[in-house]
Amino acid sequence: MVVFKVSRVETTPFDGQKPGTSGLRKKVKVFVQPNYLHNFVQATFNALTAEKVRGATLVVSGDGRYFSKDAIQIIIKMSAANGVRRVWVGQNGLLSTPAVSAVIRERVGVDGSKATGAFILTASHNPGGPHEDFGIKYNMENGGPAPEGITDKIYENTKTIKEYLIADLPNVDISAIGVSNFSGPEGPFDVEVFDSASDYVKLMKSIFDFESIRKLLSSPKFTFCYDALHGVAGAYAKRIFVEELGAQGSSLLNCVPKEDFGGGHPDPNLTYAKELVARMGLGKSNSEVEPPEFGAAADGDADRNMILGKRFFVTPSDSVAIIAANAVEAIPYFSAGLKGVARSMPTSAALDVVAKHLNLKFFEVPTGWKFFGNLMDAGLCSVCGEESFGTGSDHIREKDGIWAVLAWLSILAHKNKENLNGGKLVTVEDIVRNHWAFYGRHYYTRYDYENVDASAAKELMAHLVNLQSSLGEVNKIVKGVRSDVSNVVHADEFEYKDPVDGSISSHQGIRYLFEDGSRLVFRLSGTGSEGATIRLYIEQYEKDPSKTGRDSQEALAPLVDVALKLSKMQEFTGRSAPTVIT
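Start counting the sequence shown at 4; every next residue gets the next number (our numbering).
Accuracy of the hints is not assured; some may be wrong.
List time: in silico DSSO-like cross-link candidates among lysine-lysine, alpha-carbon distance up to 27 Å [what the hints assert, rightly or not]:
id, residue 1, residue 2
1, K546, K359
2, K8, K117
3, K117, K208
Distance windows between CB atoms, simulated [claimed, not checked]:
id, residue 1, residue 2, range
4, L516, K550, 16 to 24 Å
5, P16, R553, 19 to 27 Å
6, E332, D18, 49 to 57 Å
7, T274, K8, 47 to 55 Å
8, L516, R57, 47 to 55 Å
Hints in this document: simulated from the structure, not taken from any laboratory. All C-beta atoms in this analysis are idealised placements derived from N, C-alpha and C, irrespective of residue type, glycine included.
Can you make the complete structure from the sequences, with help from the hints?
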């Protein structure tokens with residue numbers, strides 16, 4: 004057995020190590036600076052306090068992006084030095100973010116231990132590679148992201164740190180399943196490398212009726228396609244969709260995880276998932292090959308999802324509403340009913356309408372999965388979602404991309420249980436259009452202006468806040484742009500008081516609410532690695548079933564014109580068009 008010593012290494016603070024909504028994200032060149040990662044990890048251990056760290060079992064894994072393997076070895080050595088009892092690592096350092104949450108909540112180690120937290124190495128949907136992004140975040144014993152109270156302490160610690168602790172351990176072979184045993188000043192320390200997928204697959208099988216999904220996928224009427232965008236979802240796709248559910252291997256695209264995501268941008272949207280979009284018949288090419296009936300994509304760490312039907316895109320806002328509307332009938336896990344539903348503030352109000360019809364508890368929270376986690380821990384929420392392609396439930400405390408795909412396949416299987424041997428297939432498009440006809444349609448789009456000058460972005464947001472002091476002036480601008488847009492009746496900066504712990508989150512987005520139920524929302528995003536990202540959300544509600552089939556761009560055009568004029572987007576940012584439209 005290797006016996007290790009612990010060293011105290013002097014260090015000095017780095018500026019800007021403030022965790023965003025999902026941890027610290029910077030360019031790889033920033034993270035590889037001497038002591039940069041070490042400082043953040045030690046600041047996290049110090050924020051958790053020795054009582055929570057000593058004797059703990061921590062998960063350390065991520066989406067496999069560039070620098071992950073080096074970072075895992077550093078964190079293992081620092082964990083040993085800080086008195087952690089054992090570290091669990093997914094084979095090859097791979098674990099999706101939802102799988103980490105599941106492992107914390109469900110897994111029992113070979114010695115009977117349970118995890119108490121995790122370092123997740125991911126920059127989510129951001130690109131990877133030597134010149135791209137890396138990220139790290141800490142998840143708590145409930146499997147969810149660290150709350151603001153902890154992330155604030157981490158940040159404060161990064162500004163005053165003077166030393167970090169590290170053990171002189173050899174690197175651990177994380178490619179081979181097994182346990183490595185060591186001994187240090189405080190006693191034994193173990194590193195267990197385990198299969199990345201088995202715990203997660205077991206959990207999914209306890210939630211969904213795999214047999215009914217298998218029947219759907221085996222039907223010659225139904226065709227399927229899944230694109231992991233070379234992210235960590237590839238570590239689960241073959242096991243679940245092919246081995247468990249019987250899909251054809253050829254239905255999987257880009258399912259080999261790569262450190263640079265194959266040179267692509269692992270963000271599951273219509274802009275970046277080009278190959279899947281083309282295969283589903285939504286691209287510019289007029290291929291004669293018939294598209295599959297169902298398609299889906301994941302981001303780098305597999306917590307986000309995009310759902311597509313044949314030549315048909317499902318907005319994330321509609322997706323969570325449709326899952327909630329059908330969950331009790333289609334998914335065994337929810338057969339006893341939903342405890343409640345929740346959405347992030349910028350997400351469309353499609354879920355609100357479902358909640359009202361089904362008489363469910365409903366919550367509107369700031370962006371960030373930790374707010375859903377509080378509601379779930381208190382037994383108040385079963386299904387939740389964000390417009391940024393994140394959907395999930397209380398089975399874990401993170402959004403879950405593969406769970407969302409299985410939820411949709413469950414709904415399709417339920418709707419088609421009488422149709423697979425005869426009759427017309429109920430398609431993804433049918434399900435969405437029937438939902439609109441019953442609940443109304445929330446026309447919705449998001450404009451992202453990425454890597455905007457940070458000071459210009461702050462000036463734009465300040466301008467929007469100042470404008471709110473006079474609704475008369477606001478409506479004068481609105482009518483000057485489009486006379487066919489209704490009046491703004493309320494404008495504010497969104498503030499949330501958590502019903503569970505009473506904490507207040509302020510400055511969570513700038514809202515303009517219109518008389519007819521339309522909304523404009525502006526936010527600065529915390530998920531980029533440099534500059535600022537301005538997100539503009541535009542929503543128009545239509546109750547008339549005869550008008551729910553309009554082209555989305557056409558329906559939203561008046562509000563787009565108003566939003567750009569109100570915000571003075573081009574004047575402040577110099578941008579004549581957004582980087583991405585979803």
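Comparing the hints with the structure gives:
1. K546 with K359: holds, 15 Å
2. K8 with K117: At roughly 26 Å apart (the allowed maximum being 27 Å), K117 and K8 satisfy the hint.
3. K117 with K208: Answer holds: K117 to K208 is near 21 Å, not above 27 Å.
4. L516 with K550: 16 to 24 Å: At roughly 21 Å between Cβ atoms, K550 and L516 fall inside 16 to 24 Å, so the hint holds.
5. P16 with R553: 19 to 27 Å: violated, 54 Å
6. E332 with D18: 49 to 57 Å: holds, 53 Å
7. T274 with K8: 47 to 55 Å: holds, 51 Å
8. L516 with R57: 47 to 55 Å: holds, 50 Å
Hint compliance for this structure: hint 5 alone is broken.
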